[in-house]
Amino acid sequence: MMLLRCPWCGPRNVTEFRYVGEKTSRPDPATTTPTQWRTYLYTRANVFGWTVETWYHSTGCRQHFSVERHTLSNRTRPVQENS
Amino acid sequence: MPDTTGNYTGPPPVARSPITTVAAGRGDGALTLTDESSYGKLLVRAAATGPMATALGTRFGRTSRDAGDEALVVGSGPGEWLLLADVAELPKLTEWLEQQAEADPDLVSIVDATHGRAMMRLTGHAAADVLAKLCAVDLSDTFVPDGGAFRSSVTKLVTDVVRDDAGGASTGDRPSYLLHCERSSGQYLWEAVADAGLEYGLTTTAAPT
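Chains as they are written, first to last, in the working numbering: chain A, 1 to 83; chain B, 84 to 292.
Here chain A stands alone, though its shape is the one from the complex:
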């Protein structure tokens, strides 16, 4: 069982959450190019190591939050300041 620590509810079974995806910054729709927008929508870094992700606690507090996860070990930790 993989545990994920919700900042509101504490550690819970990962089945209580929905994976939203890698955290990316949304470009300004008014000034972005089609290529930038396509990259934002579909391209993922898929890193090997620590990555910042967004999760949704669907069966708990129903809040979105960011967390860092190691894609090899599935260890998680709060988002670091410089991430």
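To be clear, the hints were calculated from the coordinates, so they are not data collected in a lab. Quick reminder that beta carbons are idealized off the backbone N, C-alpha and C, glycines included. Just so you know, nobody snuck in bad clues.
Computed beta-carbon distance windows for the label pairs: (1) E22/A x S192/B: 31 to 37 Å; (2) H64/A x V194/B: 20 to 26 Å; (3) D28/A x D221/B: 42 to 48 Å; (4) T288/B x H64/A: 38 to 44 Å; (5) K175/B x P34/A: 55 to 61 Å; (6) V47/A x A131/B: 29 to 35 Å; (7) T225/B x A45/A: 37 to 43 Å.
Let chain A serve as the given structure and place chain B on it in line with the hints.
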């Protein structure tokens, strides 16, 4: 039936319980499961730290009986509260909430969900053992003391779990848990809890009238 102005003029609506198999169990009464779907249920959403939060007197994960008469206020989520009270108390409670909402500069919503939710009470020394078969959250006194509340997956169903020993006072000092879920899942949750409690001698009863 609505009159020409659209206002309802008939008798007050009846909140029927979605739980239909309220059969007496085989236990000795030491562990009971009671259908309490008839309780009034108000959902309140507001800023987590605004005037409404102050008036309600509790936060996410805790309960309070300070607001209104006999109302149990449950901090069911960040900026989200569930108020449980007798149906007859709801008009007065709603009026009080609306007064509090006027003082809150942020958006406040108050929704009567009495008709749309099911609720049951599990009381007895083995209540935590029964719930532990259905829910992965640690139910020890350290994490869920009397007055504690959380929302989690209970038998894979989104359920508000509220520890309210005082509400089960008539049964002594045993722990008592309120389980609150969507109406359409009430029957399923009832049968799942009743089944889990069989080995502990669970007795199922209808709501007190």
